[in-house]
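Each step along the sequence shown adds one to the number in UniProt numbering, with nothing skipped, and position 387 is 387.
Check the hints yourself; a few may be wrong.
[What the hints assert, rightly or not] Capping the alpha-carbon separation at 30 Å, the derived lysine-lysine pairs in BS3-like fashion look like this:
| no. | residue 1 | residue 2 |
| --- | --- | --- |
| 1 | Lys396 | Lys243 |
| 2 | Lys251 | Lys379 |
| 3 | Lys351 | Lys336 |
| 4 | Lys417 | Lys334 |
| 5 | Lys82 | Lys63 |
| 6 | Lys64 | Lys20 |
Just so you know, the hints here were simulated from the structure itself, not pulled from any lab data.
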Amino acid sequence: MVDPLMPSTMGNPERIEDFKQVDPRYGNVDSVKKVLSALKLQGLHVIMRIVPNYSSNNHTWFKKSIEKVSPYSDYYIWRNGKADGPPSNWLSINGGSAWTWNEDRKQYYLHQFNATQPDLNFRNPEMIEYFSDVFKWWLDLGLSGIHVDKVDFLFESLNYTDEAINNIIPGTVHDEYDFFRHTNTRDLPELVGVIKQWAAVVKNSSGVFSINGVPDNEEFDLANLIHRPLVIKNGNLTVEHLKRYVNHKLKMNQQTWTVETIGEVDQPLDTAECLTDMMLLLPGTLVVPSGTELGLNPGSIFPWDHSNSNAGFTTANSTWKKLPSNYLESNVEKEKVQMDSYYNTFKSLVKERASPSIVHGTTETAVINSTVFAFTRLKSGNPGYLIAFNLEPKEKVVNLSNMKHVPEELTVIARSKQLWKQLPLKYN
Numbered sequence: 001m002v003d004p005l006m007p008s009t010m011g012n013p014e015r016i017e018d019f020k021q022v023d024p025r026y027g028n029v030d031s032v033k034k035v036l037s038a039l040k041l042q043g044l045h046v047i048m049r050i051v052p053n054y055s056s057n058n059h060t061w062f063k064k065s066i067e068k069v070s071p072y073s074d075y076y077i078w079r080n081g082k083a084d085g086p087p088s089n090w091l092s093i094n095g096g097s098a099w100t101w102n103e104d105r106k107q108y109y110l111h112q113f114n115a116t117q118p119d120l121n122f123r124n125p126e127m128i129e130y131f132s133d134v135f136k137w138w139l140d141l142g143l144s145g146i147h148v149d150k151v152d153f154l155f156e157s158l159n160y161t162d163e164a165i166n167n168i169i170p171g172t173v174h175d176e177y178d179f180f181r182h183t184n185t186r187d188l189p190e191l192v193g194v195i196k197q198w199a200a201v202v203k204n205s206s207g208v209f210s211i212n213g214v215p216d217n218e219e220f221d222l223a224n225l226i227h228r229p230l231v232i233k234n235g236n237l238t239v240e241h242l243k244r245y246v247n248h249k250l251k252m253n254q255q256t257w258t259v260e261t262i263g264e265v266d267q268p269l270d271t272a273e274c275l276t277d278m279m280l281l282l283p284g285t286l287v288v289p290s291g292t293e294l295g296l297n298p299g300s301i302f303p304w305d306h307s308n309s310n311a312g313f314t315t316a317n318s319t320w321k322k323l324p325s326n327y328l329e330s331n332v333e334k335e336k337v338q339m340d341s342y343y344n345t346f347k348s349l350v351k352e353r354a355s356p357s358i359v360h361g362t363t364e365t366a367v368i369n370s371t372v373f374a375f376t377r378l379k380s381g382n383p384g385y386l387i388a389f390n391l392e393p394k395e396k397v398v399n400l401s402n403m404k405h406v407p408e409e410l411t412v413i414a415r416s417k418q419l420w421k422q423l424p425l426k427y428n
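Build the full structure now, drawing on both the sequences and the hints.
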């Protein structure tokens, strides 16, 4: 999966200036076609992430919308303010008002993210059709699929009503995003129709369609298009999260193949490792951010060794991204020879994904106690798997006898770093 290859402001893939063009930094239409074609010959297929919610404020559309030039005037969300300020109390993800005053147009425009990312108006049918064309345009160039990000922000309520205070998360203040509930700006039911339309466009072009941001309710299950990602608020992973996630996957249409990603969820490192391990042992394709296989947070360059020359990543004098702070300990060269490294745990689990029990097996889930979740993957005539997660750092003694088909003796295939300190392992 790659970030948008479109022209953007200052090279920022979150500030697109033209959705149907190739950024000159990557070449042109012909060169992109050639690269994608060559990759397919090698068995590699590229999916591109697209965020349709907003454009750059440097987009030609936005400039013409400010001037009220038809048809661009209605391409963005403009409102008159109240006597004391913005049209509503809506907040941006980054905190502060989601409304910014434009002196030229004499109105406020909406931006649920940054002020340099004005929200596009998806209540304008032209906008929905335009992005249908965008997806088809890129698929015609040779992409194998489209991943649409942040779809939960596509629609806002028509009446622009103030958001209610969120009493679930204490300790927030009025200009922090979690202070309000956001029932007027996220997960509106109009999403289902748009998602279905876009999915049909991609399917008709023989592409893979995946989305991130589908809300957790039955109405959106009707779309039956893509599996919801596991979203954890404030990093507080619980056994109920894990059980609900696994059981939802088991209820999915057998013809649906999921694409999962951990990198888009802001998680503590141990939580990310837990989710990665679990998803590796479930049906679907897992998109793993670079560095995850070494137990590193995404966002830094990949360390191949502990050398001072950019950890073997490049021979250049400098890099755009920084080295991870712990690259001397967490790098491929060192973790390969450490039996208790996350690299070796990850490698073991990837190998087991080819097992018939993992690919085609049945699954039983169990919440053992408040911190331990377990499930089995079983297929008759093949070795089965018992997977258990303890979400606390403390050692736990648990009874798994109530789970079906759990034998008296088990072979340990992979374990967390903490369990390597407890040799030999004992199972009764």
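- Given pair status - Lys336, Lys351, alpha carbons within 30 Å: holds (15 Å)
- Message: Run the distance test for Lys417 versus Lys334: straight-line Cα separation, threshold 30 Å.
- Response: holds (15 Å)
- Message: Tell me if the straight-line CA distance from Lys251 to Lys379 falls inside 30 Å.
- Response: holds (18 Å)
- Do the alpha carbons of Lys82 and Lys63 lie within 30 Å of each other, as the hint requires? With a Cα-Cα distance of about 24 Å, the restraint between Lys82 and Lys63 holds, given a limit of 30 Å.
- Has the given pair, Lys396 with Lys243, been kept, meaning a C-alpha gap of at most 30 Å? Satisfied, since the Cα-Cα distance of roughly 19 Å is no more than 30 Å.
- Task: Would you check the hint for Lys64 and Lys20, treating anything up to 30 Å between C-alpha atoms as holding?
- Result: holds (18 Å)
Violation of the numbered hints given earlier is absent; every hint is satisfied by the structure.
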